[in-house]
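Q: The primary structure of each chain is shown beneath.
Protein chains: 2
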Amino acid sequence: MRYSNLFGKTVREAPADASTISHKLLYQAGFIRESTAGRYFFLPLGQLVQNKIINIIREEMNKAGAQEMLSPLLHPLDLWKETNRTNTAGFELMRIIDRRGAEFALGGTAEEMFVDIVRKFQISYKELPFNIYQFSNKFRDEMRARGGLLRLREFMMKDAYSFDVDEESFKKEYKNMGDTYMRIYEKVGLKTIVVESDGGYIGGDYCHEYVIESPIGESKFFMSSDGTYSAHEDVACFTVEEGNQSDVEESLKAIKAQRGKTMEDGVKLHNKPLWKQIKDVLFVDEQNRFILAIIRGDFDVNEVKLKKLIKAITLRSATDEEITNIIHSFPGFISPVGIKQLVNKDREIIIVADPSLRTVKNAYGGNNKQFEDLLNVNIDRDYIPDIEGDIALAKNGFLGPDGKSRLEEKRGIEVGNIFQLGYHYTSKMKNSVFTDEGGKTQPYYMGCYGLGIGRTLASLVEIYHDEKGIIWPQSVAPFQVHLIGLSIETEETKIKVDTIYTQLTEKGIEVLYDDRVETRAGEKFADADLIGIPHRIVVSKKTGDKLEYKARTEKVATLISIEEAIQIIGQK
Amino acid sequence: MRYSNLFGKTVREAPADASTISHKLLYQAGFIRESTAGRYFFLPLGQLVQNKIINIIREEMNKAGAQEMLSPLLHPLDLWKETNRTNTAGFELMRIIDRRGAEFALGGTAEEMFVDIVRKFQISYKELPFNIYQFSNKFRDEMRARGGLLRLREFMMKDAYSFDVDEESFKKEYKNMGDTYMRIYEKVGLKTIVVESDGGYIGGDYCHEYVIESPIGESKFFMSSDGTYSAHEDVACFTVEEGNQSDVEESLKAIKAQRGKTMEDGVKLHNKPLWKQIKDVLFVDEQNRFILAIIRGDFDVNEVKLKKLIKAITLRSATDEEITNIIHSFPGFISPVGIKQLVNKDREIIIVADPSLRTVKNAYGGNNKQFEDLLNVNIDRDYIPDIEGDIALAKNGFLGPDGKSRLEEKRGIEVGNIFQLGYHYTSKMKNSVFTDEGGKTQPYYMGCYGLGIGRTLASLVEIYHDEKGIIWPQSVAPFQVHLIGLSIETEETKIKVDTIYTQLTEKGIEVLYDDRVETRAGEKFADADLIGIPHRIVVSKKTGDKLEYKARTEKVATLISIEEAIQIIGQK
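Protein chains in written order, with the working numbering: chain S, 1 to 572; chain E, 1 to 572.
The hints are simulated quantities; they were obtained by calculation from the structure and are not laboratory data. Incorrect hints may appear among the rest.
Pairs count within a copy or across copies, as identical chains cannot be separated in the list.
Said to hold, decoys possible - Mimicking DSS-like on lysine-lysine, the simulated pairs with C-alpha atoms at most 27 Å apart in a straight line are:
1) K507 <-> K187
2) K120 <-> K138
3) K138 <-> K81
4) K9 <-> K428
5) K308 <-> K81
6) K175 <-> K138
When you get a sec, could you build the whole thing from the sequences and use the hints?
A: Right under this line is the structure:
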């Protein structure tokens with residue numbers, strides 16, 4: 001490719017809103033351009049990289065036994081209704097109606113579509129398991145797009161769906177896909193951390209994210225200092241350190257409490273430790289149920305854990321008015337003790353307690369009245385939770401779930417994820433069954449496996465760059481060689497460089513040839529560094545029979561023969 | 001690939017609504033399934049073929065110097081407004097609004113998007129020409145989908161857009177793309193006819209369709225018997241055979257005419273030839289203008305030609321009520337003579353005459369009153385057309401434009417098209433300019449080039465099949481070899497077939513291995529014929545050290561060694 005003909009040249013200025021290195025460099029080097037916020041053009045250089053990433057994924061997925069196919073992008077909305085994802089996917093789902101009145105969702109992920117195509121066939125256990133995947137555009141009506149390719153409203157994704165006879169068989173495929181992901185990331189040149197995570201509206205019981213550690217990542221996770229445990233903040237567990245659980249329970253006591261509404265106000269007034277206070281957080285879910293989440297005072301509630309525990313789709317904070325007029329409690333003085341008797345008869349309140357409260361004897365907190373607190377509150381004796389389960393937010397320095405090493409907070413870019421789905425979809429979608437050995441129908445046990453191409457590409461730039469520009473790993477570089485011709489206004493030199501260009505391309509080497517005549521050498525070098533092709537070759541009047549070779553990662557160029565250059569390029 | 005694991009197996013029954021061979025066979029052989037009307041899943045076998053077609057196109061486009069990129073599928077609606085295609089593309093355009101209220105069109109074609117990305121760069125004449133293309137899903141809200149993959153509402157398309165300094169430079173690229181298309185079709189195995197056609201809402205002055213001759217095609221075109229001329233019905237020209245143009249003009253005469261409303265009624269009453277009658281067809285366009293199209297009585301009006309001539313977006317027939325109450329004429333008795341004086345003052349009527357009327361002297365027809373006709377009507381003397389131009393529908397047997405050979409009506413499947421766009425888009429979209437040698441800005445001269453993947457795939461099946469199934473050309477076959485193992489319930493035979501499978505795949509040969517144990521030989525043979533892989537190899541107890549080889553196109557199998565088989569497969 002001659003640079004003079006390349007569409008999408010380098011520019012010096014970065015976009016004003018570029019908050020990440022990858023956004024800035026991919027823009028300046030001519031790989032991408034924004035269409036509207038969160039929707040990008042891949043320019044020829046960017047598309048070359050995207051295609052290389054796709055080919056690596058395709059090769060590894062096929063090797064792992066998965067089969068590529070393709071589903072339409074407009075999904076019949078009825079399928080999403082069948083699984084209730086029209087509600088659970090919420091605002092992110094884009095809908096459209098065609099001129100005959102048929103309703104569609106613009107595919108965000110394709111679980112329903114793949115179950116729907118599978119149930120069109122009569123499948124026996126003998127044909128299982130299989131894993132089918134596609135490369136296709138995904139649409140998410142994100143509230144905020146950011147960071148160039150890091151959070152998009154439209155993006156290319158590899159999504160795979162596995163169908164197994166049972167969990168045991170599925171677990172092999174889950175491992176197979178996990179191994180495949182590691183091979184893919186290794187081939188593209190990325191070091192990923194496998195992190196336990198939350199499935200969100202995808203559903204299922206467990207899943208793992210593949211994360212590139214990076215301070216600009218949106219994924220907050222915790223890793224134990226010994227590296228044996230890593231989990232997304234929304235699922236991370238920790239060991240609650242000892243409280244005073246062996247103390248003797250004392251009698252419940254109501255006392256006047258002229259204080260403000262915060263936890264700190266309680267600590268100050270009673271001169272007791274924060275951890276002995278009960279933290280009460282009141283939510284309202286999409287069914288209009290009140291959810292009173294209670295936890296030890298030194299911890300915070302993780303809403304994702306809470307939602308999952310109570311199977312809610314959305315949560316919002318209760319208003320002061322609701323607390324006063326419907327619950328008949330008082331903001332800042334809420335208590336689980338006796339609250340069920342106070343609330344209006346036509347409304348439900350669910351008390352959800354975090355197990356951390358079991359480490360506290362004789363806790364203190366509000367008494368559902370202004371300026372009145374309770375002392376010596378004890379679980380089971382003074383209040384009985386409707387649901388007890390982990391709703392606690394892990395924090396940096398907390399003791400890991402093994403009770404030995406401490407958790408370290410990290411940030412990363414989520415580039416892929418694998419999900420156990422189990423019967424989440426096949427239990428909701430009619431006839432998504434195979435015939436077992438006994439001739440009976442059974443629902444499929446499913447998994448799904450996503451991998452974002454654009455985000456992988458951007459992560460590569462986040463990891464591989466210096467102050468001058470991108471440094472592409474060989475496996476995904478848009479070209480292998482950046483050939484710079486200098487003093488090519490001289491016919492003789494021009495012929496020399498053209499000949500080397502031909503020799504390299506005839507060897508099957510992908511070359512970007514900077515053949516611009518009126519451009520200064522410095523500018524050509526700067527462009528080469530910015531674009532980041534692994535091998536740079538300079539040919540000029542001065543290089544004689546030889547050529548000047550430098551790897552993008554090296555500082556100094558050396559004069560070598562074309563044969564030597566071809567050998568070096570072939571090796572790396 | 002082992003057939004037992006393949007997702008998407010053969011079935012015996014065809015879908016009830018399958019009206020074409022390709023729909024029927026692609027369904028039965030397990031290549032495609034419908035999601036909703038006009039939106040299809042590509043099953044693994046279908047996707048393998050689709051990928052092979054894409055790779056051939058990509059290779060040839062790159063060889064021709066075009067550069068692959070990728071645009072978002074959701075196009076900002078403002079861009080389509082800029083070129084007025086929100087109106088001209090009409091109902092086919094699907095629109096969507098995101099949750100922030102931004103309006104988008106689902107891409108049907110991407111001219112605006114590609115002009116928009118190009119105008120984001122400062123480009124000099126030295127960087128021109130270039131041709132940028134993509135493979136991406138296209139959406140068309142078609143009223144009727146039909147024929148499996150032949151008319152879809154959503155489909156994968158290669159669309160390319162060229163940017164040149166002027167028409168002279170563009171013409172080279174137009175030829176380059178024309179040649180590239182021929183090479184692509186030759187490689188996939190299709191014989192195409194290049195047909196002059198109408199650009200529809202794409203715009204531009206001229207374009208060519210690549211058509212596969214087929215009785216089920218929706219594209220009706222005419223080819224001169226000597227093969228030198230071929231044109232779509234909407235642009236086909238013909239030589240109007242001599243009338244009586246050398247006759248002397250006689251005086252205009254109004255006479256009573258107690259007749260019905262049809263042309264035949266006129267012929268009968270006056271006992272004169274049809275061709276001497278004036279045919280009047282009255283339309284209303286989107287601006288509410290009346291369009292009176294007049295033509296020699298033995299010809300018909302082609303609405304596409306008419307629309308293009310008068311630059312109308314839509315046309316509908318005028319109602320009897322409009323003819324009576326607004327035009328103040330009478331249905332069946334319309335005449336261009338004096339009609340402009342009759343019509344209501346606040347309405348416009350445009351008389352569009354086909355040049356065929358110049359071959360008629362002393363024509364006859366209505367007189368804008370019930371039961372009154374005019375005789376000896378002559379153009380220029382009795383009425384003056386506002387616009388004169390070719391609006392005639394060509395018909396089978398008409399004399400071609402060269403006046404020598406006759407036109408033959410043909411049908412075909414349009415698999416690709418190339419369009420001159422000129423300044424159609426760059427004159428409407430601001431700042432779509434480059435800098436010329438003198439430092440001044442100039443609009444780009446454009447072309448665009450479309451190629452439908454699904455339709456190409458379906459056309460291949462329409463052409464290559466027999467009563468047993470598909471016969472894929474080697475270049476696009478999902479696999480090269482269909483290996484059938486028989487009597488593999490015997491461990492010894494199973495090992496033998498497994499070994500051959502390994503040997504073939506290790507040679508880089510793509511093999512579909514029918515490893516089903518409980519399936520009868522006859523069923524396996526029938527499936528092989530249905531799926532249509534070029535080379536069939538059968539291994540059983542009986543084949544000994546050899547294997548039974550048969551090409552899909554052959555009737556009789558022969559016993560050969562695996563080395564011989566590998567050689568045959570490599571050759572074809």
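Q: Confirm or reject each hint.
A: Cross-check of the supplied hints:
Taking the shortest Cα distances, K507 and K187 sit within 27 Å of each other both inside one copy (23 Å) and across copies (24 Å). In this assembly of identical chains, the alpha carbons of K120 and K138 lie at most 27 Å apart whether taken from the same copy (23 Å) or from different copies (25 Å). In this assembly of identical chains, K138 and K81 lie within 27 Å of each other by CA distance both inside one copy and across copies; the values are 19 Å within and 25 Å between. Only between protomers do K9 and K428 lie at most 27 Å apart by alpha-carbon distance; the minimum there is 25 Å, versus 51 Å within a single protomer.
Taking CA atoms no more than 27 Å apart as the test, K308 paired with K81 passes inside one copy only; the shortest distance there is 20 Å, against 45 Å between copies. Taking the shortest Cα distances, K175 and K138 sit within 27 Å of each other inside one copy (25 Å), while across copies they are farther apart (36 Å).
When the structure is compared with the earlier hints, no violation turns up for any of them.
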